[in-house]
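Undergrad: Start from the sequences and build out the full structure, keeping to the hints where you can.
2 protein chains.
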Amino acid sequence: MQLKPVLILIFFLLLPNLPDASTTEKPLLGFTEKQAAAQQALETKFDSLLKSSNLKEWMQRLSARPHHTGSPYGKENAQFIAELFRSWGYQTEIEEFKVLFPTPRTRLLEMEAPTRYQTELSEPEVKEDHTSGQKNEQLPTYNAYSIDGDVTGELVYVNYGVPKDYDELKLRGVDVRGKIVIARYGESWRGVKPKVAAEHGAIGCIIYSDPQNDGYYQGPVYPEGGYRNENGVQRGSVLDFTEHDGDPLTPFIPATENAKRIPREKSNAITKIPVLPISSKDALPLLRTLSGPVAPESWRGSLPISYRIGPGPAKVHLKLEFNWDLATIRDVIARMPGAEFPDQWIIRGNHHDAWVNGATDPISGLVALLEEARVVAELAKTGWKPKRTLIYAAWDGEEQGLLGSTEWVEAHRDELQQKAVAYLNSDSNSRGFLSVEGSQTLEKFMNQVSRDVEDPQKKISIQDRSRAYLILQGTPEDKKDARNREDLRVRAAGSGSDYTPFLQHAGIASLNIGFGGEEEYGQYHSIYDSFDHYIRYMDPSFEYGLALAKTGGRCMLRLANAEVVPFEFKGFADNITQYVKSLQDLTDKMREETEDRNKSIQDKTYEAYFDPTKTYITPESQGTVPHLNFSPLQNAAERLEKSANEYQKAYKDRMDQSGEVPEKLITDLNAILTHTERALTRKEGLPGRLWFTHQIYAPGVYTGYEAKPLPSISEAIEQRNWKLAEDQILVVAQTLDRFTSEVERAKAILQDGKEKK
Amino acid sequence: MQLKPVLILIFFLLLPNLPDASTTEKPLLGFTEKQAAAQQALETKFDSLLKSSNLKEWMQRLSARPHHTGSPYGKENAQFIAELFRSWGYQTEIEEFKVLFPTPRTRLLEMEAPTRYQTELSEPEVKEDHTSGQKNEQLPTYNAYSIDGDVTGELVYVNYGVPKDYDELKLRGVDVRGKIVIARYGESWRGVKPKVAAEHGAIGCIIYSDPQNDGYYQGPVYPEGGYRNENGVQRGSVLDFTEHDGDPLTPFIPATENAKRIPREKSNAITKIPVLPISSKDALPLLRTLSGPVAPESWRGSLPISYRIGPGPAKVHLKLEFNWDLATIRDVIARMPGAEFPDQWIIRGNHHDAWVNGATDPISGLVALLEEARVVAELAKTGWKPKRTLIYAAWDGEEQGLLGSTEWVEAHRDELQQKAVAYLNSDSNSRGFLSVEGSQTLEKFMNQVSRDVEDPQKKISIQDRSRAYLILQGTPEDKKDARNREDLRVRAAGSGSDYTPFLQHAGIASLNIGFGGEEEYGQYHSIYDSFDHYIRYMDPSFEYGLALAKTGGRCMLRLANAEVVPFEFKGFADNITQYVKSLQDLTDKMREETEDRNKSIQDKTYEAYFDPTKTYITPESQGTVPHLNFSPLQNAAERLEKSANEYQKAYKDRMDQSGEVPEKLITDLNAILTHTERALTRKEGLPGRLWFTHQIYAPGVYTGYEAKPLPSISEAIEQRNWKLAEDQILVVAQTLDRFTSEVERAKAILQDGKEKK
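First to last, the protein sequences are chains A and B.
One point on numbering: in the numbering used here, the residue at position 726 of the first sequence is 726, and numbering is uninterrupted.
One point on numbering: in the numbering used here, the residue at position 555 of the second sequence is 555, and numbering is uninterrupted.
To be clear, the hints were calculated from the coordinates, so they are not data collected in a lab.
The reader is advised that the hints may include incorrect statements.
Pairs involving identical chains hold if they fit within one copy or between any two copies, as the list cannot separate such chains.
Unchecked claim - Below, computed lysine-lysine pairings styled on DSSO-like, alpha-carbon distance capped at 27 Å:
#1 K315 with K604
#2 K56 with K614
#3 K479 with K589
#4 K480 with K589
#5 K164 with K581
#6 K127 with K385
#7 K458 with K614
Bear in mind the structure is a predicted one, so any value in this text is a computation, not a measurement.
TA: The following block contains the structure:
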């Protein structure tokens, strides 16, 4: 009889992380307790119907031949996908657009001096890879939307080719005007490299894959391992997305057959200088030949050479000509109308076009989406119907610049802004950890989903796995959050896949999900992104493909069935507060660094330090960084936080009661919640970036993929435009206040139902 | 008339760093104002007599043939150096010792599986290098004091081969027992690598030069540049210095002809497993053949391979046999007796032995010492005589383990401890920035010297150049100090040159000085450390050789002539306070990391994170890091700081008055000051390291070269021996108190002269 307390004690010692009662009950945001139980039963059934063999079979089918935008097999794939959807009962159509898609006619890169070297510009067949020999259908290695050009000049190595690299060049007295630059892939989105090079006066740009970034430095190379071998080349678009995404000839409007197109010469989206990607094998003879200053330590890659900057003596000739044709893109759109709210749309998308065979990018994500859609349809045959309309999309033309999704959003913008509840995106997928980026109003929702999906390798939740990753591999802040914060953060979205037109142009709450981190990823945009590669180095058993289907499927089923659409604002408010703090820290750091640098300039510390046998230019002193008035933003963030807390309390008080909630209240509440994300947009867009209307999330102008939270302010600060920064602090504060008043309206509805105010 | 104030304003704007009046007056610690003026005139004359052509000529002569310990040309060099000293009027003798110095009889390293590779183990002649072909006299590439051995085993890559690398291996389930390890040079002193390997059960150790550390990654390689080419091998001693320096057969006693030697088998200083250094060219086929886990990112060097850990499939056979002979070493000792205080010795040394031709190491420092000595002798012919005795030493056997200096110190220990005021060391020298390490009681003195020597390239003081370096290249703490602290810090001394027996064994205040940072240093301990290399990549015009002569010469002349020997304690006290703070920070950081790791172990975070397709072992949890009682040390540091301040005030009050200071007071004061450093030693030595008596400075057991300030405490903390740490806090506090009471005695003498207490 005395044993019991001791046992309990031991029990707690052994299970220190015993989930608390609330987690065990698994509440579902937007569902009553009873509905939640039904929903969870539905999800269990959903899981049980998923088959990994489908993923494998479809991947093999869809990646069997090169299927880039406008290719014969791309068209076949679109038809195959549409046929699948139709066979499952979806209302399916293929929506076509006509977009500018240049393909190469001439590609020449040779070193003319001090010795001659003719680059190969090709990726050879690998006998272990059954699709690598499909030479007739493979797109050559090139960067789409490079301008035509024929230039000859001395070569300069510019590291990643981002603005700060040019500061280092300036410090060393190296000027790229009239030169051809060679940059390595990485750090920024590739299109930033020729853009910045042109801004500095370069006449041509070469981009190569350094083995440090995805080659032998990372691990064994293909086919012995999954990393990029010396022949692998990263194709890719270099379209300038600063002003808008999508077809460069039809900004803001759908690229229909008869759309009014701007002349190609008028487009700001095409590069100003010719640009070509090459392999590390082709880069080695060029880089080896450079003399001049030894590159700074952080610039040095893993080729067996001294990385030197030049200019020259390597002199190269770059000649590029393209067929500037329009290509037809084919978006596959499959609908399952909602039984109760057909005009509330839940959209799920993944692109289907690739650069070559694209087993990983994008088929690994697409096959999970397809299996998810198949099982949803199967459930719909058993009596269950979604309350809201489900739309499954397979986008074309993503690789060129999110063309398929953007043109579709532009074609249906008004209707989407009226009806879309949320957009859920995926793209490449592999073995490892879930990552989520996008709208933080869905943070709580997403955490409830990740809590309920099991990691296929570990038999713990995918959320707990992510948490472990953040604790052991994250930044100190990540670690702190992962240990102490209830929900894992949804990261701010930059760009790089099809959520951008939905979220950042149309203001539709969006999430991008995918697994990864345990693969050997060196095939990106090369002919070696193949089925053979995928099943050896990415997700051999497709178990993470299934995990993606489970995750995406839960998202869709919950969004489709929830009584109240599952938006929540506390997590969002907390992220906003963090971003405001980051901007203050950024400004303080810039102030400190500027003062420090100016002091060293004034004290002639640079002159005292520099090696006189080498060229060094003292940097120019910069104006003092003022203390900006962040208070409007701080106050707006605090108002948001307060409202978010009150909304949560009101929601809890109203919805967690056992009695029925009036339908009218639910309808009114959903009408507001569905549109809250739109309140974060301004039709004036970001400064100089009209198309990007979202005031909280945007890709950085000089980062490309990476998110810039509160972009108008952060970029103004980085550009030292203090006036603009203070203006934008006001604009964003007003935007947040508009959002907060929507939260207040939602709260009032919840409270009104209970008590008159 | 109104113009003047404006002009003054402009003047200050243009010269923001105008030296203040006290700097302009250039006071000299230990000198009255009048004496200081005479001293500065002497130094100006000294400078004017220095000739760089001598440095060049002697370097060419001394590095003309290989001159390692025991070699014919080493003997010739000793005689040549002695003859120079004699010709200048020094009382010169060559003091001989007989030391154990093994040379290789058999060197074999071959890969037996999965393919065969026979290593070359040789450095080829380079036609641009005129001494690189002297094959008959070059010592082969080897590590001296490796044990004989004939072992075969699978290979494991262990990064730098320091203890934390073995933690990483353990995490990956890799055991080196029965294996041969391959480590890269760098991070630790080389002898640590086979020591740690043996402690973990390895049966052999290979050390190679990765191009990342001093090869093409750093810059162009020899002969196109100065960095190590693929054939360069770093020779070097692997004698275990944990217990003592010097001849392994005669610890604590001089290795005279008839000294009582311990049997070689009884020496703990010889490695436990065979060890051999190789080139990157020989390492590449071995490393390329390893499979197993991909090495952690910080382990990866610059060879064009995936760095993998193994074990195997590379299986290597290592066979080493040595001639275990005694060699005669020849220290050249040259004296100029002091005119007033012949029994107060100022000692200056630089070794003369090399691994091969050794133009940089050690001849670049030695020729500066010789020129310094020549001009000092020349001055002595013009009427001036040093008050104190000057001793110039050219040590032999430094490369094997500071043999020449150590045996000499052991031979003369009692007399040295009675008479030596200070020891000033140099070794390799090149273009760049002054660095100083050693006794911080000489920090003020050294800063006054570096303030008065002009940088040959910049025409500012070498101190201002160092300051600029610290501001632009130092750690945040360095930068803060360089901007705000009056004196640049003298860094704590580790080991790696001949100051160790003086400072850390005999307790004689010592400094190690040298220039560098702008050279291309990849010739270390190879046949390419030659005159041809030196004049292309190190200090082509010998202007930094002259700067070293000026710096060393000023030190010697000031120490020789000062009325009061120029020790000062405020800077020392400040450094001690900083070290105490660092130990607290170290303990706090260990506590935090331990707690964090234990929490992740307890929560099964590691299991949740690990990739299940790879082997990972969860680390073992460690005991909590207690809060140590640092208060005895903090209180001792505060007492020291207080006394140091009071001493400085008393000194200023007494010595800066215009009147005469009684000779008796000076004599008494000097008698104390000369011996203060001895108060920092304990005859019991450091725990387990009897020979190392200094309680403030010692090389780390597992770092080798790098200093461990307050070594007994810091190593106890790192070994998590909390009991020992607290014991040693008391011991060091007592030692500091003993030192402080010496400072108090000195202060009392200064005060007694003025007022009765």
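Undergrad: Would you mind marking each hint as holding or not holding in the structure?
TA: We went through each hint and held it up to the structure:
In the homo-oligomer, the alpha carbons of K315 and K604 never lie at most 27 Å apart, since the shortest distance is 36 Å inside one protomer and 57 Å across protomers. In this homomeric assembly, K56 and K614 come within 27 Å of each other (Cα to Cα) only across copies, at 24 Å, whereas the closest approach inside a single copy is 58 Å. In the homo-oligomer, the alpha carbons of K479 and K589 lie at most 27 Å apart both inside one protomer (23 Å) and across protomers (16 Å), since each shortest distance falls under that limit. When the C-alpha separation of K480 and K589 is checked against a cutoff of 27 Å, the pair qualifies both within a copy, at 22 Å, and between copies, at 16 Å.
Taking the shortest Cα distances, K164 and K581 sit within 27 Å of each other inside one copy (24 Å), while across copies they are farther apart (36 Å). Within a single copy, K127 and K385 get their C-alpha atoms no closer than 49 Å, and across copies no closer than 84 Å, so neither meets the 27 Å cut-off. For a Cα distance limit of 27 Å, the shortest separation of K458 from K614 across copies, 13 Å, qualifies, whereas the shortest one inside one copy, 56 Å, does not.
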